[in-house]
Amino acid sequence: MTPILEVEQLSRRFGGLAAVNDVSFSLAEAEVLGVIGPNGAGKSTLINLITGHLKPTAGRVVIGGRDVTGARPWAIADAEVARTFQIVKPFRELNVRENVAIGAMFGPSRAGSTREANARADEVLERVGLAEKADAEPGGLNVADARRLELAKALAMRPRLLLLDEVMAGLRPREIEAALELIRSLKDEGMTILVVEHVMKAILSVSDTVLVMHEGEELVHGKPHEVMEDERVIEAYLGKRYAKRMRARREEAGGA
Amino acid sequence: MASVSSATAPAGVRAIGPRQLVLGGVLLAGLVVLALLPQYFLLSSEQRTMAGVFMFVALAQGWNLIGGFAGYPSFGNVVFFGLGGYTTAILMAKSGVAFWLALPAAAAVGVAFAVLMGLPVLRLRGHYFAIATLGVAEGVREVVVNLDGLTGGNSGITVPAVGAKAVTSYPGNTGFYFYFLALALLATGVVWLVSRSRFGYGLRAIAQDEEAAAAAGINTTRLKVAAFALSGLLTAMAGAMYAFQQVTIYPARLFSVDITVLMVVMAVIGGTGTVIGPVIGAVLLQFLSEWLRTNYTDLHTFIFGGIIIVAVVLLPMGIVSFARESWAHRRISLLDTIRAYRL
Amino acid sequence: MTQFLQATVNGLLDGGLLALVAVGFSLVWGVMNIVNLAHGAFVLIGAYIGWKLDSSAGIPPLLAMFVAAAALLGVGYLVQRYLINLVVNAPIWMTLLLTFGLSLVLVNGLVLLFTGDFRSIPTSYGSDGLTLGDVRIPYGRLIAFAIAIAFTLGLVWFMDRTRLGLAIKATGMDRGAARLMGVKVRRVYGLTFGIAAGLAGAAGAIYGTVDTFSPADAGGFTLQSFVIAVLGGLGNMWGALAGGLLLGVVQAWSGQYLGGTLINAVAFAVLVTVLIVRPAGLLGKPYYEARVEV
Chain E
4 MTPILEVEQL SRRFGGLAAV NDVSFSLAEA EVLGVIGPNG AGKSTLINLI
54 TGHLKPTAGR VVIGGRDVTG ARPWAIADAE VARTFQIVKP FRELNVRENV
104 AIGAMFGPSR AGSTREANAR ADEVLERVGL AEKADAEPGG LNVADARRLE
154 LAKALAMRPR LLLLDEVMAG LRPREIEAAL ELIRSLKDEG MTILVVEHVM
204 KAILSVSDTV LVMHEGEELV HGKPHEVMED ERVIEAYLGK RYAKRMRARR
254 EEAGGA
Chain F
10 MASVSSATAP AGVRAIGPRQ LVLGGVLLAG LVVLALLPQY FLLSSEQRTM
60 AGVFMFVALA QGWNLIGGFA GYPSFGNVVF FGLGGYTTAI LMAKSGVAFW
110 LALPAAAAVG VAFAVLMGLP VLRLRGHYFA IATLGVAEGV REVVVNLDGL
160 TGGNSGITVP AVGAKAVTSY PGNTGFYFYF LALALLATGV VWLVSRSRFG
210 YGLRAIAQDE EAAAAAGINT TRLKVAAFAL SGLLTAMAGA MYAFQQVTIY
260 PARLFSVDIT VLMVVMAVIG GTGTVIGPVI GAVLLQFLSE WLRTNYTDLH
310 TFIFGGIIIV AVVLLPMGIV SFARESWAHR RISLLDTIRA YRL
Chain W
140 MTQFLQATVN GLLDGGLLAL VAVGFSLVWG VMNIVNLAHG AFVLIGAYIG
190 WKLDSSAGIP PLLAMFVAAA ALLGVGYLVQ RYLINLVVNA PIWMTLLLTF
240 GLSLVLVNGL VLLFTGDFRS IPTSYGSDGL TLGDVRIPYG RLIAFAIAIA
290 FTLGLVWFMD RTRLGLAIKA TGMDRGAARL MGVKVRRVYG LTFGIAAGLA
340 GAAGAIYGTV DTFSPADAGG FTLQSFVIAV LGGLGNMWGA LAGGLLLGVV
390 QAWSGQYLGG TLINAVAFAV LVTVLIVRPA GLLGKPYYEA RVEV
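Line by line, the protein sequences are chains E, F and W.
So the number in our numbering is just where the residue sits in the first sequence, counting from 1, plus 3.
So the number in our numbering is just where the residue sits in the second sequence, counting from 1, plus 9.
So the number in our numbering is just where the residue sits in the third sequence, counting from 1, plus 139.
Please note: incorrect hints may appear among the correct ones.
Stated by the list, open to error - Covered stretches of chain F (in silico footprint by chain E; criterion: 3 or more residues with CB under 8 angstroms from a CB of chain E, positions within the stretch not fixed): (1) 135 to 144; (2) 208 to 215; (3) 227 to 238.
Hint data in this document are derived by calculation from the structure and do not stem from the laboratory.
The structure displayed is predicted, hence computed values, not measured ones.
Glycine included, every Cβ here is placed at the ideal spot set by N, Cα and C.
Turn these sequences into a full structure, and let the hints guide you.
Here you go:
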């Protein structure tokens with residue numbers, strides 16, 4: 004089966020700095036890939052490269068077998084891809100329902116009329132738990148609701164590939180759990196999801212595989228618990244000294 | 010439950026209900042009045058004044074599409090006005106073309122130039138876009154002046170309006186009253202249709218967050234250029250009619266920055282992104298301008314500048330939004346605006 | 140060849156003065172993201188102050204320009220602090236419209252006070268000049284050039300070396316952070332605008348000595364300031380200098396080879412091309428790329 008997303012040697016340089024350097028991976032249908040890494044690792048840049056908000060300086064992005072490298076964001080959307088932004092970008096002068104309706108109006112599976120779009124928006128809002136706030140202004144939403152709105156806008160597009168950019172930052176444990184539940188149910192429906200996250204627990208519980216990025220490069224790519232115990236990952240997050248200490252402790256435990 | 014939102018959301022996304030029917034009826038009555046006005050109530054000179062008002066309604070609505078809905082403040086829309094006017098004048102004067110053929114030709118020129126200019130220039134944002142459009146308008150003006158073989162340069166060009174050479178007979182003040190009225194209705198109708206359509210929503214999304222709009226699947230390039238083209242079309246048609254009306258036209262007038270600023274001020278003060286805003290703005294400011302011109306000829310521009318300043322400070326969101334907000338909150342406060350926007 | 144050299148020299152000399160005209164405009168745009176359409180009017184006010192002081196009080200232009208600068212510094216501060224500050228957080232076309240309205244008021248005010256007739260400020264050196272080879276360099280233009288460069292360098296020194304200059308730069312980069320550091324942003328904005336107006340006024344007073352002027356010239360000055368600011372990068376003072384010189388030369392060449400009336404078209408062609416190809420301007424790094432507004 005064709006992978007939904009293939010990223011081949013994707014790179015993006017800004018002058019001398021390689022924000023993303025030679026990253027490759029592929030995602031099968033209904034697979035959930037967690038992307039983690041310290042700040043500045045290039046995770047958001049990766050999403051921007053895949054979704055056409057940035058042009059890669061090298062490498063390819065293939066979606067559903069079609070090369071979409073360098074395509075504009077709306078062409079990527081046409082390939083049934085939706086994304087959320089790390090810093091939420093609601094349409095400030097439209098209310099919550101209208102924000103979501105926009106997603107339903109312009110995606111490849113767009114609604115036939117504005118009325119239908121509004122109806123679909125209501126469905127999606129129900130699903131993410133924002134139905135009561137459908138008439139509210141985005142400016143008045145709290146963090147969790149703002150994230151829900153961002154997600155709802157993406158879901159309204161009925162994507163087959165969903166890219167989430169740190170949707171759980173700043174959420175309370177119960178909210179995180181609800182978000183994870185939503186991701187699981189989307190996966191069950193066959194959606195392929197790439198989740199960029201900082202919240203470890205979230206990644207571990209919901210990802211099929213995990214990609215760790217560090218300074219723009221791919222550090223490790225594997226099953227969640229493998230990745231978490233990988234020394235290079237510990238080093239990247241906590242520094243060489245701590246990694247050494249961990250290794251020493253493990254050898255001690257192994258030896259004893 | 011219907012969506013209740015801020016000024017830039019369309020009222021018409023709801024189905025056509027009783028409120029719409031009442032408004033429609035009022036509109037129809039108003040149109041009948043306007044149609045009967047010249048015959049029974051207006052002097053010839055007053056008809057000319059009204060024609061000016063209608064022209065600016067069309068211009069302001071044209072600007073509204075690119076500046077209000079799409080959020081790209083063009084400060085060079087007069088370039089379409091001038092191109093439309095000169096196309097018409099040249100076709101009528103040099104090739105003996107009838108006005109009714111010159112008009113669509115002018116419209117086509119407006120659209121074509123908008124696309125040509127829009128593709129590179131719409132990549133710029135905010136101030137840069139404003140200046141680039143201003144630059145293009147000024148540049149085109151100078152080119153027109155320099156092509157004096159074709160355009161008559163600074164001495165202007167004259168459309169044959171009377172006598173044997175006149176291909177189309179001159180409509181006179183009453184005729185132009187109706188021409189411009191039709192154009193104003195067309196322009197307002199276009200804006201109304203856009204406001205209810207997917208296209209209009211797409212433009213609004215672009216204006217509010219272009220990146221998010223692109224991510225949502227909106228082809229921002231296509232929509233921006235389309236809005237610009239529509240704007241160019243309406244503005245060029247206004248220019249075409251103006252050229253015929255004035256008979257003799259000059260580059261300084263047809264490409265005047267003042268016309269751009271007037272249409273921007275009218276749209277902004279009336280309310281950008283709304284359907285009725287530019288109408289209100291155009292009517293208000295054009296009458297004000299005429300009144301000032303007759304009563305304070307020397308001070309006219311001076312006072313007008315002052316009015317612009319006051320209007321911008323007190324009503325930056327425009328009259329329509331201000332009215333809606335005041336109605337929604339049941340109170341009128343100009344100070345709230347200042348508090349919201351001041352440093 | 141002589142014509143080319145002469146045109147180039149003229150262009151450079153005029154360009155230096157244009158740089159002074161434009162540098163304040165560029166500063167205001169770069170620091171405050173305000174495009175001041177009344178900038179040209181400030182230049183003209185400076186010119187008229189110079190003219191009035193000369194014709195009524197016999198004050199020489201080199202002195203009058205300081206008076207003009209000071210007067211416009213005050214006017215600019217008041218305008219920004221109490222008028223433009225009111226719409227700073229509104230959509231950008233608000234400041235454009237506001238300053239346009241202001242320019243209408245100022246320019247027509249000048250017409251009412253002084254009529255639309257052309258004026259100029261006579262100088263002791265008149266149209267004397269020196270001759271280098273085949274090229275003639277009028278003293279007036281040379282002195283104007285020197286003064287303009289001096290003022291521009293003075294501005295650079297001020298911005299880099301004084302506390303106020305640093306405050307201005309900081310505010311331009313991150314208004315919120317500057318506030319938190321104790322910078323009185325409203326006042327800094329007022330002063331920045333005042334400085335810009337003052338420089339424009341000085342430029343105007345100097346301009347009056349090398350060319351005739353009338354209120355109708357205001358728009359042209361504003362437009363040229365646009366071009367120079369974009370060419371040089373917003374808020375970049377060296378850029379304004381470079382941009383001014385470049386524009387001066389380009390205009391001189393077009394005047395020489397294309398005939399007078401295409402000057403603006405050429406300037407705008409340059410402007411639009413630069414905007415599309417390299418919006419950061421010729422000198423690259425825009426000062427205020429990463430702007431955070433609070």
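The hints, checked one at a time:
Counting residues of the stretch 135 to 144 of chain F whose beta carbon lies closer than 8 angstroms to any beta carbon of chain E gives 0, which falls below the threshold of three, so the coverage claim is violated. Coverage of the stretch 208 to 215 of chain F by chain E holds in this model, with 4 residues showing a Cβ closer than 8 angstroms to a Cβ of that chain against a need of three. Here's how the stretch 227 to 238 of chain F fares: 4 of its residues keep a CB closer than 8 angstroms to some CB of chain E, so the rule of at least three is met and the hint holds.
Checked against the numbered hints listed earlier, the structure breaks hint 1 alone; every other hint is satisfied.
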